[in-house]
Amino acid sequence: MVGLLNMEELNNLFQGFAVALTLPNVGFMLIGIFLGVLIGVLPGLGGANGVAILLPLTFGMSPTSAIIMLSCIYWGALFGGAITSILFNIPGEPWSVATTFDGYPMAQKGQAAQALTAAFTSSFVGALVAVLMVTFLAPVVAKFALNFGPPEFFAVQLLTFSSFIGMSKEPPVKTLMAMMLGFALAAVGLDSVTGTLRMTYGQESLLQGFDFLVAVIGLFGIGEILLTMEEGLAFKGQKGRISLKDVLDTWKEMPQYWATSLRACLIGCWMGITPGGATPASFMSYGTAKRMSKHPEEFGKGAIEGVIAPETAAHAAGTSALLPMLTLGIPGSPTAAVLLGGLLIWGLQPGPLLFTEQKDFVWGLIASMYLGNIVGLIVVLTTVPWWAAILRIPFSIIAPVIVVICAVGAYTVHNHLLDVALMVVFGLVGYAFKKLKYPLAPLVLALVLGDMAESSFRQSMLISKGSLGIFVSTPLAGCITGLAMIMLFWPVLGLLKKLSRG
Amino acid sequence: MKSGAHLQMRWMELLVAACFVAAGWLVISDSIRVGNAWGSDGPEPGFFPFYIGCLMLSGAAWVIVQTLLTWRQDQGDSVFAEKHEFHLMLLMLIPTTVFTAAIFVLGIYLASLIFIAAFMVWQGKYSYFKSIFVGTGISAALFFLFEIWFLLPLPKGFVETWLGY
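Chains as they are written, first to last, in the numbering used here: chain A, 1 to 502; chain B, 1 to 165.
Read the hints as simulated data drawn from the structure, not as lab findings.
A portion of the hints provided could be inaccurate.
[Claimed, not checked] Partner residues are not named here, just some residues of chain A that face chain B (Cβ under 7 Å, in silico): (1) G189; (2) D191; (3) T196; (4) M199; (5) S396; (6) V403; (7) V420.
Where is the CB? At the ideal position from N, CA and C, for every residue including glycine.
Taking the hints into account, I'd like the entire structure generated from these sequences.
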């Protein structure tokens, strides 16, 4: 790390703090954190669709203020998910499912305050480590990526998609199918290279294609509400109030779990940069912590390590997912994908040039990641009882209100009423996919990156006059393409191993 | 399609796979229309969609074959949703659909008011007064947030016109 630490980056970072600490931006940061925790606590609203719904409200803002607010919503949602998991045994977010395993038993034993403090603190630690990594690694990656041409970019995009298939928890075939559906939806409308109309079937409303924001709001928002309704939720939770003594006691206890925390950070950062995302990172970290623990039998019965591990990893992954988004234009998670969509809408081209051309934006964002997480930690530690109270509002009020908010969000993307209808259809798709274990993240990422991947492929083809050899013509492109192929055929390799063993 | 008290997983697998077949077919037939060959300067517009469609079809075929192969073993025991659960889901889905249709006619504010109030009375067994109060509150909040503060006009119906907006 020290070797990478040079004056220029520190200077940039300080300039970033100067940008982030102006009065309006601090205000947006606070609004973002509060909205984010709210979104994280409510069922049906999550990081990805919460940011998607609020994105249209930022069209008129300066991009820097907008990204600060939206990324703070993301941090807030990451914090908020833990509250419902621990107090209500209901994961507000998919990445906090693993937190319920030990968080809720702790709350049942009357240790809710300890569990919450541990969760928030380890979230903060995970995020901090990831932000440090982003600070020092992102400029290096960006500088490196300046040499990328279309073939390298396509190879990286290929790697992104292949690693989904190789590393997915869901059946690889279903991952592939979900991803292809995303590509197909992305291809609808005007083809940017030749100007041909594709798959519009004479419908004028399809000229622009499907907007991924509408898809995200439907898939994650309406889909989640349908699933929650099905479970017939009655929110019965444990009391959550944190006194200063609880916080200090828990903080005294936490340093002994430094090894768990460190492993969780590493897993989280890795899963965030490669498009694994926060959810698999939290499960993987929980599993590793259990395997490496001296008392694995206590996991599931309220072990504090079982809270620390998934929370640290989820936050580290959620934060480091912004690294590939900023430097390469490739989001590491659905929420990062929505933020990427925001960049495009505000007229910024994500990718390595961002670091040279939009210094204020990039470093303002990175500085706000430090500040946002500190503010977030303080906010959640002091306001837990309020959020718990929100969850006591009956679902029969919350559900229609969330549907209305989703509908407004879907409408404001393009001011098209048909988008609202489309959102309901996507909601049904999201419901069925969740139940049948078709993963949603590759669908969303394919929908966002589909056009980009296709155009970098076509540009490469124009350079090479139609020869596929261009993807292995330089050592860099060759290496990435090779890695992508290994990832792609990983499930097949696993299958062969099983067969050969007999 | 239903046996006993639950929706069977295997039927739902087939249903969703069938949807994938239909979608894949739509994609392939259109890509053939716009040209799916490898032109002189690289792929034609339908080149990628063609293979995307093919992958969707073959993926769906794989799921269908697997479901059919394990059909006997499964005996319909894996549960997609219990009947009462599915019922609850429909109790959310149908009002949501009606609400969406209502936006087209009534505008988003009035539709939201009615949707929230009706859902509260019907599902939450709240009094009419309380329900209409909450519905009006949310609608009014939306109105001030979007029309007045952010100046983002949302779809409106005859009531807003009548009120002078």
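Hint check:
no.	hint	result
1	G189	violated, 11 Å
2	D191	holds, 5 Å
3	T196	holds, 4 Å
4	M199	holds, 5 Å
5	S396	holds, 3 Å
6	V403	holds, 5 Å
7	V420	holds, 5 Å
Against the hints set out earlier in the document, a violation occurs for number 1 only.
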